[in-house]
Amino acid sequence: AEGPKRLDVASTFSTQNFLGEGAVHLSEELEKATGGEVSLRVHEPGDLVPAFEVFNSVSSGAVQAGWDWIGYWAGTVPITNLYGALPFGPTPEAFMSWMWAGEGTELLQKAYDPYGVKVLPCFISPQETGGWYNKEINKPEDFEGLSMRISGLGAKVLNKLGASTQLVPGSEIYLALERGRVDATEFSVPQVDAAMGFDEVAEYYYFPGWHQSASWFSLLINQQVWDEYSDERKAQFETACRATLQWAMAEAPPEQVRTIHQLEEKGVKVRRFPDEVISALQDAWVEVRQEEMQNNPDFKEAYESLMQHVKLIDEWYELQALPAPKPIQGENQPTPVQGEGDA
Amino acid sequence: MTDARLAPWRERGAAVCAALARPLVWLGLFIGRVTSWLVLLVMLAVLTTVTLNALGINEIARWQADVLLFGNALTINSVTELQWHLFGILTLFGGTYALHHDTHVRVDLVYQKLSPRGRAIVDILGHLLMLIPFCLLIAWLSQHFVAMSYMSGERSNYGGLTDRYLIKAMLPIGLVFLAVGALGQVFNNLAGLFDPSRLAVPTHDKEPIHG
Amino acid sequence: MAEFLAEYALAIAMVVALLAGIFTGYPVAFLLGGLGIAFAFIGGIPIPFLGTVGSRIFGGVIENWLMIAIPLFVFMGLMLERSGVAKRLLLTLQRLFGRTPGGLAISVAILGVVMAASTGIIGASVVMLGLLALPVMMKQGYRAEMACGVIAASGTLGILIPPSIMLVLMGSILQVSVGALFKAALLPGLLLGLLYIVYLLVTAWLKPDWAPLADPDAVDADTTPLPLALLRDLLGPVVLIVAVLGSIMAGIATPTEAAAIGAAGSLLLALIMRSLDWATLRDAVRETSRTSAMILFVVIGATCFSVVFKRLGGDYMIEEMVTGTGLGPYGLLLLLMLLIFVLGFFLEWIEISFVVLPLVAPVVEVLDFGYGLSGQALLIWFAILVAINLQTSFLTPPFGYALFYLKGITEGQIGIGTIYRSIIPFVLLQLTGLILCIAFPALVLWLPGLL
Ligand code: NA
Ligand code: NA
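Residue numbers (this note's numbering), protein chains in the order written: chain U, 1 to 343; chain F, 344 to 554; chain D, 555 to 1005.
There could be a bad hint or two in this list.
What the hints assert, rightly or not - Capping the alpha-carbon separation at 20 Å, the derived lysine to aspartate or glutamate pairs in DMTMM-like fashion look like this:
| id | chain 1 | residue 1 | chain 2 | residue 2 |
| --- | --- | --- | --- | --- |
| 1 | U | K5 | U | D227 |
| 2 | U | K269 | U | D283 |
| 3 | U | K5 | U | E228 |
| 4 | U | K139 | U | D283 |
| 5 | U | K160 | F | E402 |
| 6 | D | K864 | D | E561 |
| 7 | U | K234 | U | E93 |
| 8 | D | K864 | U | E144 |
| 9 | D | K737 | U | E200 |
Said to hold, decoys possible - Computed from the model, here is a short list of chain U residues facing chain F with C-beta under 8 Å:
| id | residue |
| --- | --- |
| 10 | S151 |
| 11 | N159 |
| 12 | Q166 |
| 13 | R289 |
Simulated from the structure, these hints should not be mistaken for lab results. Backbone N, C-alpha and C define an ideal beta-carbon position, used for all residues, glycine too.
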């Protein structure tokens, strides 16, 4: 039998924002690849099941498919922390290389197999930001007693520096930050953060996003449903998936910078963590990573595979490194483009 | 209709049904009264979170052995998650408690004009056709949801509570408990159909209601 | 038309069955759940799909942090009532309004506005106001319709006046600033409060027997000078409201957490008033448990009903009804408002927000009403109009959650028919407010500076 022509997809993000838009784009690509034979019906978060129950529901077959940020399932499949939010991880380009030309997708699929879930990593968001702060961070000690809304491995790193990491539901972050119930929060990329209105309630926007250098999003399909498709169809899914990934990688970075410029115009102070702070975060990450690798052999395997792969890529770019072109005499330095998109 | 004129078979039927209903209803009321106190614990858990946050404390205690539900540390996020664990239990068992007190919302435009007998019939049919199938089917289908949580060792991703399957298991348990309570009400109403004099008696002891 | 009916026969049948079932008087919560299951079978929906219901109950109720506030605010309301503080405050507030006809009802409306700024949760506000004011109003001889109406309507202001969970959710659905939504909602919220008060004044003047003035001796034997009495009786509740609102404002607590502070505060107040004993506490926690479960089981049942309704094409049915027309900007806006109003009879605000808003947002964003508004400003204006509309849906039968909550706390002393009748004038006032905000967008957009 041929699999469903219209796959019901429970999204963990609203299709009104960039993260959920990925699923809509994937559906368009899938229609193109299959000549209109197969498409996705993307359901808004909570429409079928609550966001945090998507993995479980795809596994049980209650819903056919899901669109997720991979890191959501770390409570169930700890290895997903690596794909969702790996502190001091590789760039999106290097990460993508590991996913498609290295072991990345294979290892993730292996972790999902016991749950009967097929995974297609189809979307990557660029580096998230270091987060919104209402307190300046000048030295590692400034994290002492800071209360921040952050999850996953990044939270464990901050705990080592004495921060109190908190669980605040997405819809309450704005108010919690405005009123000082938390001093800081991370959420997503600038495009999405700006839409949440955090610029109105936080003073500083910190970079780099050390806790999450690239984060993956994927299409989850119930294994039985997936197996109903012919090999040709499966290949078409992969094609659409890669096209979506490419779209995301091309589209996202310039849009983030445009958004940051707009935020600066509104009075947000864009800051970089001082080197001393980054170094302290790195030391803490070594500790957390050690614990994680001890407790979790799957994580160790995937982390080592990823790092080996990244080393190859780094070496290549190091060999090929070039300085930026010199300006022609009298020509102004190119200024960043502004205006266009209205996030 | 008085007891004296009641046919013996009706009397026997009413007695049997009432005997079947009594332990089921008693259990629902008993558990409901006990779990009611959880509201104070929820309040305490929230106040603890607020205090810890104000003081900037993240970790309260850490130990070596793995303790059920708490893992090996008590953090601000353990307490935060404890809030909704307790709240979940309060809600699920409160549902049965409210059933026996007949607190669940009825649109009683017609209902209040029905005879006690008519009301008993509405409730019997409703429980058998609506409530009990709902509870049992959803509880049955929740198996995968609980089993998966147990097998994967699902836990908080915020360094909070471990053993998520415990609270997830409360969902089917709570629903089956409600179905059992509904069965108790069915027997109770049946007893009333056999012997109308029983229809006037509420299943719960009189607890003072507010004015 | 025949085609439409045929295509959506099951979705329509589901609504009809629900209406019919509701009128048998069987509990709504259980009916919603049972009909969901029944129609899943009738519609041939694969049984594993119903596995979503368990997940929805877990994610939407049990694990839902925001819901924790419900039992806490209920408990706060009960303790306030039992400590006698609330009764004193209402009596003194009534003295403050002196010989104004309808003074007690006006006090309730004002209390509702103040409470809206602290709780933001409909169930809790209505229950608390009901517990506080209903016994007092009934004792003073208010017409039940008058008393229930003002309590239900004032209690629902909480969803509109910030902080509001609904506005936060809309902000994320529509991708507009939540801060702007909060500012935008303030004037419309206060406007509705004002409309209620004007209505109460006029009604009490026209029909004195609906809102009788209390017999001066019966009201208050208290001879303390009014300013002193006010100071004394306001102290407790004001400290409590300041504790709830203040802890949010000062950044000590989120709105959910503030509920716990309020609950603890009410406990403390009862202790100070020497009205706290074991039996009072025991009865309060037991009643809290039953009342919260009553509210939350309606949500649990609705979760099953709505997922099956959508699976049977209910959401497409709605979509088709919107897009099938060829109306201009105002025509479309009014049609959407009418649609949401009608949906509000049956569905919960969360369902409406999630189903309808994403469908219509792209359409609304490009409408030209001739004010030269940006897409963002348009969406914010639209969101507030929807918010007022959804606030009304809490009041419209058969599924007016505010009415259910109110019904719940009256424990059978007031029939649902009376409650339905009580709400008609307030629904009309809501619609008046809605129309004013449509006619004068400045009411919405002036505060956030979007004009
Ligand atoms: Na509010
Ligand atoms: Na309604």
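**Item:** Hints that the structure is at odds with (numbers, increasing)
**Value:** Result: hints 2, 7, 8, 13 break, sorted rising.
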